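Using the hints provided, position chains B and C relative to the given structure of chain A.
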Amino acid sequence: MATRLHLSGRQHAIPVMELEARLKALEDKLVDLETRIPENRVSLVIFSGELDRILEAFVIATGAAALGQKVSMFFTFWGLAGVRQKKMVSGKRMREKLMTILSPKDTTRLPMSRMNFFGAGARMMRRMMRDKHVASLEDLIRVARRMGTRIVACETSRDVMGIRDEELVGDLEFGGTASFLSDALRSRMTLFI
Amino acid sequence: MATRLHLSGRQHAIPVMELEARLKALEDKLVDLETRIPENRVSLVIFSGELDRILEAFVIATGAAALGQKVSMFFTFWGLAGVRQKKMVSGKRMREKLMTILSPKDTTRLPMSRMNFFGAGARMMRRMMRDKHVASLEDLIRVARRMGTRIVACETSRDVMGIRDEELVGDLEFGGTASFLSDALRSRMTLFI
Amino acid sequence: MATRLHLSGRQHAIPVMELEARLKALEDKLVDLETRIPENRVSLVIFSGELDRILEAFVIATGAAALGQKVSMFFTFWGLAGVRQKKMVSGKRMREKLMTILSPKDTTRLPMSRMNFFGAGARMMRRMMRDKHVASLEDLIRVARRMGTRIVACETSRDVMGIRDEELVGDLEFGGTASFLSDALRSRMTLFI
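Note that the protein sequences, when read in sequence, are chains A, B and C. Mapping the first sequence onto our numbering, position 53 (from 1) lands on 53, and the numbers just tick up by one. Mapping the second sequence onto our numbering, position 164 (from 1) lands on 1164, and the numbers just tick up by one. Mapping the third sequence onto our numbering, position 121 (from 1) lands on 2121, and the numbers just tick up by one.
Derived by calculation from the structure, the hints in this document are not laboratory data. A few of these clues could be false.
[Unchecked claim] Here are the simulated EDC-like cross-link-like pairs (lysine to aspartate or glutamate), alpha carbons at most 20 Å apart as the crow flies: (1) K2029/C <-> E138/A; (2) K29/A <-> E1166/B; (3) K2087/C <-> E2020/C; (4) K1029/B <-> D28/A; (5) K29/A <-> E2020/C; (6) K1086/B <-> E1155/B; (7) K2092/C <-> D2165/C; (8) K24/A <-> D2159/C; (9) K2024/C <-> E1018/B; (10) K1024/B <-> E2034/C; (11) K2087/C <-> D2165/C; (12) K24/A <-> D2131/C.
Nothing here was measured: the structure is a model prediction, and the numbers come from that model.
Okay, chain A solo, but in the shape it has when bound (with noise of 0.2 Å):
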């Protein structure tokens, strides 16, 4: 190739024709390489329901989103009481109305998922917090909410087990699992809580 390109004038012009081609599928890969590349992003799926889980979940959302990330949480199975702000119970079936009544009416009732002792060890992580100035998980919903976090809820979760939108906090959005997919497919980070 050296001595084609020590040609001068038109004889010329065929390596640069090349390298354009070259160039221009160079251009067209890295596009698609683009749309491959992990977005700034993180996704959440929160499965559990208890305080200690829930609260994880919201100081990771805070603090991706503080470092630039736009931030999804998937709220299913258990997980929905973490979206939760009341309990109704008339005009249920029978077994939808049983699981009601064993769910936390909203998040400041959530158990601990060890050492809860019928609610005393929630209240006593709580305490500990406040002593120590930690936000609570009602603050931390709160500023997650300021950032802009995504806040799905799953609704066949939903829907199995019978929940009403009004038992839910408002300003929540309702999808199934492909809506989180399209999110947490692009994340940098993906976790299961």
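For chains B and C alone, kept in the frame of chain A given last:
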């Protein structure tokens, strides 16, 4: 450089050669980068042996497969309960027998992680899912397999717990952590369930 | 463009300059893309304080290190039990004392997440592992450290639970969520255990 480019003929050849070298370097770089970009893959570790968590794992697995991802599921520790088809006690050591007796026979006997009430909770959850026409765990497992999900059982867990291959479902691949990691490290999403 | 390329000499210079500009743009783009591609890194949050889960965390950590990944482990909440070496009660507040009494002294006292039966399950699991010549948790921790695993203890969890630095193993780094996220966001794989 601009002044050199305005010269014609022979002198002109030098920047073209330079360009060619830079282009070649870029092409090589791109080949390297491409191998480091996550593939269209999702890898799940299933560590838990409960109905609700294994269900969620298969919901995510089939959802990801539907979005064109190659899915690998690594069943380890209690998660082996998700690929079990029967219990065999004879010929095992004392401790292995005990472990077998305390383990669910197959996926239809999996307990819930919460509100199990000696199996009543798991039966109730299955009925609530049927009421809302949601696919059962066994349906999802069939779908996942049909969609080509790679299902690997952890051989160390199997050996430590003294589980025999006949106790596990057929068409199962056995592997260690390295086997799981080889898929996980190329994935867009990894979850520990 | 083809027609312009077929001209010789001076006129020829223009497409070469164009090519050079496009090449420069590609080079810059590639430098940027490279920083956004995951590194050979694995980051694990260890939230759980049980033998089986902490064991699995170290199996994955050492496995990933063996495959050339830089591994970071962030021990938070109950997970701090995985980096504990003793219990100290005196000089603590009431609630902190209670928490200490209810926590395992070191990794040899960790309970199982299931089938613990007041410690009998954990002892049985350790014996089953020894029978099959599988590395103990303490062996794995030593290996992980020797392989250069970055081990970070969550300082907020430590402070909230009133744990003193002397209660935790030596050679430990303390950090917050941001410290964990700085590694996690550059990782090929992130798991919440």
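These are the hints, each one checked on the structure:
1. Only pairs whose Cα atoms come within 20 Å are accepted, and K2029/C paired with E138/A is rejected, the gap being roughly 42 Å.
2. Note on K29/A and E1166/B: the hinted pairing is violated, with a Cα-Cα distance of about 48 Å set against a maximum of 20 Å.
3. Our distance criterion of 20 Å between C-alpha atoms is broken by K2087/C and E2020/C, whose separation comes to about 67 Å.
4. Proximity of K1029/B to D28/A is assessed by CA-CA distance (about 15 Å); at most 20 Å being required, the pair is judged to hold.
5. Distance hint between K29/A and E2020/C is fulfilled; the C-alpha atoms sit about 18 Å from each other, no more than 20 Å.
6. Note on K1086/B and E1155/B: the hinted pairing holds, with a Cα-Cα distance of about 17 Å set against a maximum of 20 Å.
7. With a CA separation close to 13 Å, the supplied pair K2092/C and D2165/C stays within the 20 Å bound.
8. Note on K24/A and D2159/C: the hinted pairing is violated, with a Cα-Cα distance of about 57 Å set against a maximum of 20 Å.
9. Distance hint between K2024/C and E1018/B is fulfilled; the C-alpha atoms sit about 12 Å from each other, no more than 20 Å.
10. For the hint pairing K1024/B with E2034/C, the CA-to-CA distance comes to about 17 Å; that is within 20 Å, so the pair holds.
11. Distance hint between K2087/C and D2165/C is fulfilled; the C-alpha atoms sit about 11 Å from each other, no more than 20 Å.
12. Distance check on the hinted pair: K24/A and D2131/C sit about 62 Å apart at the alpha-carbon level, beyond 20 Å; violated.
Checked against the numbered hints above, the structure breaks hints 1, 2, 3, 8, 12 and satisfies the rest.
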